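A.B. asks: Now for the letters of each chain:
There are 2 protein chains.
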Amino acid sequence: MASNRLAQFRVFGKKIVAVGRNYKAHAEELGNKVPEKPIIFTKPTTSYLSQGHPIKFPPGCNDLHHEVELGIVVGKKGYQIPEEKAKEYIGGYFVALDMTARDLQLDAKKNGHPWTLSKGWDTSTPAGEFIEKDKITNPQNLQIWLKVNGEMRQNGNTADMIFSISYLISFISKYMTLEEGDVILTGTPSGVGGLKGGDVIEAGIGDVAKITFSVDKS
Amino acid sequence: MASNRLAQFRVFGKKIVAVGRNYKAHAEELGNKVPEKPIIFTKPTTSYLSQGHPIKFPPGCNDLHHEVELGIVVGKKGYQIPEEKAKEYIGGYFVALDMTARDLQLDAKKNGHPWTLSKGWDTSTPAGEFIEKDKITNPQNLQIWLKVNGEMRQNGNTADMIFSISYLISFISKYMTLEEGDVILTGTPSGVGGLKGGDVIEAGIGDVAKITFSVDKS
Ligand SMILES: [Mg+2]
Ligand SMILES: [Mg+2]
Ligand SMILES: [Mg+2]
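Residue numbers (the working numbering), protein chains in the order written: chain H, 4 to 221; chain Y, 4 to 221.
In short, the hints are calculated from the structure, not lab data. Heads up, some of the hints might be wrong.
Which copy is meant is left open, so a pair is good if it fits within one copy or across any two.
Stated by the list, open to error - Dumping the calculated DSS-like pairs for lysine-lysine here, alpha-carbon to alpha-carbon at most 27 Å: (1) LYS36 / LYS213; (2) LYS150 / LYS88; (3) LYS40 / LYS59; (4) LYS79 / LYS59.
A quick note: this is a predicted structure, and the numbers were derived from the prediction, not measured.
Build the full structure now, drawing on both the sequences and the hints.
C.D. replies: This is the structure we're talking about:
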């Protein structure tokens, strides 16, 4: 069954396309302008992490940030997808963390360098289990939250995305073909912050899905 | 046979890791500092293009640049590979073009944004056929050249890389696992420049391999 295969997106999918600053309050909390068009970057699939394995700091990082995001799993191949057809390309969802080496990223931004090392190291994309498309009736009205050691740090709603999921699918596919099993990370609400070794992250989408990961600084 | 499978790297490989400014003269020609450590970015595998198909401009680009590069095909999985063992992870080579929307990239650099859209659209990684590892005795002493409409534009030697292939494999794999079929683009020598619709690009590595691609601005 197709949906069964799609549940293995972390095994066969080839790319993770992520969106920066897609919630106004998050753009502002980092002192950034609210973008006029989506800020797109990619993360390698070797960055996926399953529950039960710890999140690691990459080399040179001393400021590791959590960003909880709604992950979209692409259900079928498409290129130059019209916004009004975009929903047909959603195969499912998952709770994702877009872990960010904020210090490396700030350095990259200052120097006009790519974001890859600050976003793409092994363990930088902790991911929950695949959620069937039918389980979520309106992906643009979901609570999205994250706690560190039991304390709420991020608590937003996907209704507050600047660019909707359909707009993102259409925009990204103007540039690059989306393939079955590819992933779109739709941005993080405000409340991002630093982590230390031993911290425990819980995060989720409403009461549909929840993930737990620990942080290892060794 | 393993080498037979590896020849299909464009079909099953999951990532393209590219290196910016790895030849001193090229860093300087764009007014950039010679980097102290490798500048790493990724391109999606949907950007591969085979001969016989035209290179396209991405949306919003009016300054499309050619960059000829030696492509390395990773032969086996590795993480935190010591520099002295790096050669064991080379599975083969190919002639690659790291097509760059220079105007989009300059804009990204100015704003501290990721490079993805300026480097990652469909057709942005034209690639020649797989070259068996044994065909090249010393990958750090190869002429690497590119002509536009018969006129030589880039003519360098891989001996002039700032960071060697072994150093790059070791450096990249400190952050992310390299998998069989992944690719490393090792940077371009000086002489990059703009293209227009109808231009024909020929490029190659010494007399080992040659590619031809046309440019379509429609
Ligand atoms: Mg990138
Ligand atoms: Mg993010
Ligand atoms: Mg290049």
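A.B. asks: Run every hint past the structure and note whether it holds.
C.D. replies: Do the hints match the structure? See the list:
For a Cα distance limit of 27 Å, the shortest separation of LYS36 from LYS213 qualifies neither inside one copy, at 31 Å, nor across copies, at 45 Å. Taking identical chains as interchangeable, the C-alpha atoms of LYS150 and LYS88 are never at most 27 Å apart, the minima being 35 Å within one chain and 42 Å between chains. Taking identical chains as interchangeable, the C-alpha atoms of LYS40 and LYS59 lie at most 27 Å apart only when they sit on different chains, with a minimum of 22 Å there against 31 Å within one chain. In the homo-oligomer, the alpha carbons of LYS79 and LYS59 lie at most 27 Å apart only across protomers (23 Å), although the nearest pairing inside one protomer, at 32 Å, exceeds that limit.
In the structure shown, a violation is registered for the earlier hints numbered 1, 2, in ascending order.
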